[in-house]
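**Q** Next come the chains, spelled out residue by residue.
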Amino acid sequence: MKIIVCIKQVPASTEVEIDPITGNLIRDGRNAKMNPYDLYAIETALRIKEFNGAHVATISMGPPSALAVLNESLWMGCDDATIMTDRKFGGADVVATSYTLAEGIKLIGSADLIICGKQTTDGDTAQVGPEIAENLKIPHLSYVDKIIEIKEKSIVVQVDMDSTEEVWEIDYPCLITVNKGIFTPRLPSYKRGKLFKDYEIRQIHFSDMKDQNEAHYGLKGSPTQVERMFPPIKNTDKEIWEDTDKNLALKLSKKLKEMKVV
Amino acid sequence: MAKKGIIVVNKSNVKQELIADYVKSCPFKAIVAKDGAVDVDQSACKICRICAKKYADVFTFQEIEEEKINKDEWVGITVFIEHDGKKIHPVSLELIGKSKELAKVTGHPVYALLFSDDEKKFTDTLLSYGVDKVYSYEHKLLDHFNVEYYVELMADFVSKVKPSTILYGGTSIGRSFAPRVAARLKTGLTADCTILDMKKNTDLVQNRPAFGGNIMAGIICENTRPQMATVRYKIFKMPEKVKPFGVVEKMSCKDIKFKTNMKLVEVKEKPKQIDISEADTIVCIGKPFKTKEQIQMAQEFADLLGAQLACTRPIVEAGAMPAIRQIGLSGRTVSPKLLICLGISGAVQFTAGMKGSEVVFAINNDENAAIFDFVHYGLVGDVFTILPELIKNLKGEKDV
Ligand SMILES: Cc1cc2nc3c(=O)[nH]c(=O)nc-3n(C[C@H](O)[C@H](O)[C@H](O)COP(=O)(O)OP(=O)(O)OC[C@H]3O[C@@H](n4cnc5c(N)ncnc54)[C@H](O)[C@@H]3O)c2cc1C
Numbered sequence: 001m002k003i004i005v006c007i008k009q010v011p012a013s014t015e016v017e018i019d020p021i022t023g024n025l026i027r028d029g030r031n032a033k034m035n036p037y038d039l040y041a042i043e044t045a046l047r048i049k050e051f052n053g054a055h056v057a058t059i060s061m062g063p064p065s066a067l068a069v070l071n072e073s074l075w076m077g078c079d080d081a082t083i084m085t086d087r088k089f090g091g092a093d094v095v096a097t098s099y100t101l102a103e104g105i106k107l108i109g110s111a112d113l114i115i116c117g118k119q120t121t122d123g124d125t126a127q128v129g130p131e132i133a134e135n136l137k138i139p140h141l142s143y144v145d146k147i148i149e150i151k152e153k154s155i156v157v158q159v160d161m162d163s164t165e166e167v168w169e170i171d172y173p174c175l176i177t178v179n180k181g182i183f184t185p186r187l188p189s190y191k192r193g194k195l196f197k198d199y200e201i202r203q204i205h206f207s208d209m210k211d212q213n214e215a216h217y218g219l220k221g222s223p224t225q226v227e228r229m230f231p232p233i234k235n236t237d238k239e240i241w242e243d244t245d246k247n248l249a250l251k252l253s254k255k256l257k258e259m260k261v262v
Numbered sequence: 263m264a265k266k267g268i269i270v271v272n273k274s275n276v277k278q279e280l281i282a283d284y285v286k287s288c289p290f291k292a293i294v295a296k297d298g299a300v301d302v303d304q305s306a307c308k309i310c311r312i313c314a315k316k317y318a319d320v321f322t323f324q325e326i327e328e329e330k331i332n333k334d335e336w337v338g339i340t341v342f343i344e345h346d347g348k349k350i351h352p353v354s355l356e357l358i359g360k361s362k363e364l365a366k367v368t369g370h371p372v373y374a375l376l377f378s379d380d381e382k383k384f385t386d387t388l389l390s391y392g393v394d395k396v397y398s399y400e401h402k403l404l405d406h407f408n409v410e411y412y413v414e415l416m417a418d419f420v421s422k423v424k425p426s427t428i429l430y431g432g433t434s435i436g437r438s439f440a441p442r443v444a445a446r447l448k449t450g451l452t453a454d455c456t457i458l459d460m461k462k463n464t465d466l467v468q469n470r471p472a473f474g475g476n477i478m479a480g481i482i483c484e485n486t487r488p489q490m491a492t493v494r495y496k497i498f499k500m501p502e503k504v505k506p507f508g509v510v511e512k513m514s515c516k517d518i519k520f521k522t523n524m525k526l527v528e529v530k531e532k533p534k535q536i537d538i539s540e541a542d543t544i545v546c547i548g549k550p551f552k553t554k555e556q557i558q559m560a561q562e563f564a565d566l567l568g569a570q571l572a573c574t575r576p577i578v579e580a581g582a583m584p585a586i587r588q589i590g591l592s593g594r595t596v597s598p599k600l601l602i603c604l605g606i607s608g609a610v611q612f613t614a615g616m617k618g619s620e621v622v623f624a625i626n627n628d629e630n631a632a633i634f635d636f637v638h639y640g641l642v643g644d645v646f647t648i649l650p651e652l653i654k655n656l657k658g659e660k661d662v
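Top to bottom, those sequences are chains A and B.
Following our numbering, the numbering of the first sequence begins with 1 at its first residue and continues without gaps.
Following our numbering, the numbering of the second sequence begins with 263 at its first residue and continues without gaps.
It is possible that some hints are incorrect.
Stated by the list, open to error - Which residues of chain A face chain B? A partial, calculated answer using Cβ under 10 Å:
no., residue
1, A68
2, F89
3, Y99
4, E103
5, E165
6, E200
7, Q203
8, I204
9, G218
10, Q225
11, L256
Said to hold, decoys possible - In silico DMTMM-like pairs for lysine to aspartate or glutamate, Cα to Cα no more than 20 Å straight-line:
no., chain 1, residue 1, chain 2, residue 2
12, B, K349, A, D162
13, B, K599, A, E169
14, A, K255, B, D644
15, A, K106, A, E214
16, B, K402, B, E511
17, A, K251, B, E279
18, A, K220, B, E328
19, B, K525, A, E169
20, B, K296, B, E279
21, B, K330, A, E166
22, B, K516, B, D418
23, B, K286, B, D319
24, B, K395, B, D319
25, B, K448, B, E335
26, B, K448, A, E214
27, A, K137, B, E410
28, B, K348, A, E166
29, A, K137, B, D517
30, B, K657, B, E562
31, B, K422, B, D346
Don't read these hints as lab results, they were simulated from the structure.
Yeah, the Cβ is synthetic: ideal placement off N, Cα and C, and Gly gets one too.
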């Protein structure tokens with residue numbers, strides 16, 4: 001069995017850190033990390049590997065710095081890793097991202113199961129997984145929170161819906177996105193890391209793609225555009241109280257009483 | 263008008279002493295400075311053009327040419343109707359209400375798109391909310407959501423009706439189904455919009471908190487149709503019922519490929535969970551609440567008010583409270599009569615989920631905190647000294 005896990009590097013914090021001396025934006029390991037939801041996707045794949053010896057590969061599209069998260073995935077227990085990186089892939093929205101990843105997955109070759117995290121912490125759309133599935137013309141289930149049975153030709157999973165849990169059996173090849181908490185992700189192992197000392201992560205660039213039409217990738221392949229940016233609408237009808245903490249507490253309890261909430 | 267393009271750097275105009283300011287001007291950290299040179303990281307750049315406005319000599323917007331579509335061929339605002347086989351999900355009705363407002367700008371009709379095993383269960387309700395037309399696909403296999411069937415049906419609908427806009431509820435179903443449609447039709451889809459506006463030229467402006475950055479983004483699909491968006495439950499108001507005037511148009515399932523590689527085995531009801539979006543009074547805590555004792559204190563305060571205790575995302579990430587109690591873009595939308603925010607900075611992703619609240623209080627020791635832009639009463643002070651006093655006062659009042 002072959003499993004491919006899609007992972008992404010995301011900013012570690014929402015604050016911009018700038019080196020006070022050089023004025024450079026700090027973009028080292030401290031500022032970027034693996035999308036936390038992807039750790040659950042990797043762990044799910046590794047549990048399946050433990051069960052049936054599946055081969056687990058990770059793939060990520062992003063700048064060269066994303067190699068860090070691919071390395072982390074190898075240290076956790078994955079067998080292979082691929083980065084898709086090219087200026088031509090830059091500026092992609094979900095449509096272009098998922099198309100590029102789907103084409104990359106085809107280049108790696110026939111996966112039985114593709115696993116994605118439920119969403120990313122920087123984009124939060126939860127759209128890339130389902131769109132990859134559509135591009136590959138395979139079925140998918142989002143929000144899987146339990147693996148019930150791993151069969152030879154299919155997998156039985158539980159899906160977290162808004163007010164119900166649904167159990168589905170889905171044939172390979174297929175894609176699932178997994179919820180936080182499906183399993184507890186393991187830590188990367190330094191010992192295992194050493195095995196990959198001479199391993200070279202495969203790089204896929206635009207020139208390696210089968211579809212050489214630039215209009216399908218990156219900014220050009222992205223139907224959505226940001227038209228304008230604006231601060232959220234503020235409330236101007238307000239009172240600001242500045243006083244000692246004790247007086248503030250007193251004032252607030254009076255106000256709450258006045259409002260009859262207590 | 264927004265055109266597609268990229269930001270380019272005019273290297274000769276870069277002023278060394280301003281490099282740090284260039285970098286800071288970008289809310290997406292896309293401007294990179296290295297060894298005295300400035301570059302734009304195209305993978306991070308959202309083409310918001312803030313840099314081009316501020317430093318026009320250095321950053322310019324370079325247009326990319328592309329073929330234009332004929333927008334006149336795409337007519338109608340469509341709401342995908344979600345149901346559980348018995349009842350329509352209220353978010354679909356909220357979206358019908360919003361669509362009717364949007365349709366006033368363009369004069370487009372409003373459609374409800376229904377997939378079901380028995381349309382009679384739903385059509386009267388849909389018509390009573392004032393849609394112009396219900397497009398109904400009826401088939402015995404449509405008793406339950408199956409994403410593979412649904413994509414086939416949607417592709418059929420779009421090819422026959424050519425709607426300008428399609429809106430989906432941001433539910434488990436909507437968030438799984440809509441992206442597949444986007445990939446199939448190669449069109450844009452904006453997740454979790456909090457404000458929708460329609461332009462005269464039929465472009466839907468899809469506003470949502472920007473990806474990262476404490477700012478809102480207005481997103482459009484300038485050159486693809488249909489344009490699509492998902493909206494979470496309770497972002498828009500429930501519309502009033504009207505005297506029905508619309509019609510039901512039956513769509514043929516004859517050409518639909520009902521082929522699937524997935525099978526529903528079982529549906530289990532979840533134990534009833536508390537739903538903070540229904541609460542009248544909410545106390546919401548932010549990141550400074552770290553210890554059990556601090557959270558317990560907030561709980562005690564909430565109990566005194568008969569309020570639900572909610573939190574921001576960092577609290578959920580720390581594992582201190584369950585995700586169902588998180589307010590915001592990736593949590594619940596709330597609109598209580600009273601909301602009290604304790605130690606919350608007021609990030610745009612948080613405020614997106616609480617703007618409908620009637621009266622908002624906030625305690626924050628930073629007088630410049632953004633949360634004070636969203637309150638009716640702002641208390642500048644230390645929450646961990648105010649809260650025990652407050653509890654004491656409230657308890658005292660009760661005893662009297
Ligand atoms: C895609 C995406 C989606 C997101 N979705 C959500 C979401 O749904 N909900 C959400 O909440 N966040 C969300 N976030 C995160 C959001 O951007 C903020 O990081 C988060 O809301 C900050 O939470 P906070 O206000 O509790 O913490 P902070 O921003 O750390 O603010 C803490 C505040 O407490 C004040 N403070 C500290 N000590 C005291 C004290 N002793 N007394 C009084 N005040 C004190 C500080 O002045 C500060 O203003 C999302 C982010 C992204 C990128």
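**Q** All the hints need checking, so say for each whether the structure fits it.
**A** For each hint, the structure was consulted:
The restraint placing A:A68 at the interface with chain B is violated, with a minimum CB-CB distance near 15 Å, outside the 10 Å limit. Taken as an interface hint, A:F89 checks out: its beta carbon lies about 7 Å from the nearest beta carbon of chain B, inside 10 Å. The beta carbon of A:Y99 comes within 7 Å of a beta carbon in chain B, closer than 10 Å, and the hint placing it at the interface holds. Look at A:E103: its Cβ only gets to about 12 Å from chain B, farther than 10 Å, so that hint breaks.
Of the supplied interface hints, the one on A:E165 holds, with its beta-carbon coming within about 5 Å of a beta-carbon of chain B, less than 10 Å. Taking 10 Å as the C-beta contact cut-off toward chain B, the hint placing A:E200 at the interface is violated, the least distance being around 22 Å. The restraint placing A:Q203 at the interface with chain B is violated, with a minimum CB-CB distance near 15 Å, outside the 10 Å limit. Restraint check, A:I204 versus chain B: the minimum CB separation of about 15 Å is more than 10 Å; hint violated.
Because the beta carbon of A:G218 sits about 7 Å from the nearest beta carbon in chain B, less than 10 Å, this interface hint is met. Taking 10 Å as the C-beta cut-off, the interface hint given for A:Q225 holds, the closest approach to chain B being about 5 Å. Using the Cβ-Cβ criterion of 10 Å, the hint placing A:L256 at the interface with chain B is satisfied: the shortest such distance is roughly 7 Å. This hinted pair checks out: B:K349 and A:D162 have alpha carbons roughly 14 Å apart, not beyond 20 Å.
Proximity of B:K599 to A:E169 is assessed by CA-CA distance (about 44 Å); at most 20 Å being required, the pair is judged violated. For the proposed pair A:K255 and B:D644, the alpha carbon gap of about 18 Å is at most 20 Å, so the pair holds. Distance hint between A:K106 and A:E214 is fulfilled; the C-alpha atoms sit about 18 Å from each other, no more than 20 Å. Proximity of B:K402 to B:E511 is assessed by CA-CA distance (about 18 Å); at most 20 Å being required, the pair is judged to hold.
For the proposed pair A:K251 and B:E279, the alpha carbon gap of about 49 Å is over 20 Å, so the pair is violated. In summary, the hint linking A:K220 to B:E328 is supported, as the alpha carbons are separated by about 9 Å, within the 20 Å threshold. Restraint check for B:K525 and A:E169: the C-alpha separation of about 5 Å stays at or below 20 Å, so the hint holds. The suggested pairing of B:K296 with B:E279 holds, with an alpha-carbon distance near 13 Å, which does not exceed 20 Å.
At most 20 Å may separate the alpha-carbon atoms for a hinted pair to count; B:K330 and A:E166 exceed this at roughly 43 Å. Only pairs whose Cα atoms come within 20 Å are accepted, and B:K516 paired with B:D418 is accepted, the gap being roughly 11 Å. Straight-line distance between C-alpha atoms of B:K286 and B:D319 comes to about 17 Å, which keeps the hinted pair within the 20 Å bound. The suggested pairing of B:K395 with B:D319 is violated, with an alpha-carbon distance near 52 Å, which exceeds 20 Å.
About 17 Å separates the Cα atoms of B:K448 and B:E335, which keeps this hinted pair within 20 Å; it holds. With a C-alpha separation of about 15 Å, the suggested pairing of B:K448 with A:E214 holds against the 20 Å cut-off. Of the pairs offered as hints, the one joining A:K137 and B:E410 holds, with about 9 Å between alpha carbons and a cut-off of 20 Å not exceeded. Between B:K348 and A:E166 the alpha-carbon distance is near 17 Å, which keeps this suggested pair within the 20 Å criterion.
Straight-line distance between C-alpha atoms of A:K137 and B:D517 comes to about 19 Å, which keeps the hinted pair within the 20 Å bound. Annotation: proposed proximity of B:K657 to B:E562 holds, straight-line Cα distance about 10 Å (limit 20 Å). The straight-line distance between the Cα atoms of B:K422 and B:D346 is roughly 26 Å, outside the 20 Å bound, and the hint therefore fails.
Violated hints, in rising order: 1, 4, 6, 7, 8, 13, 17, 21, 24, 31; the structure is consistent with all others.
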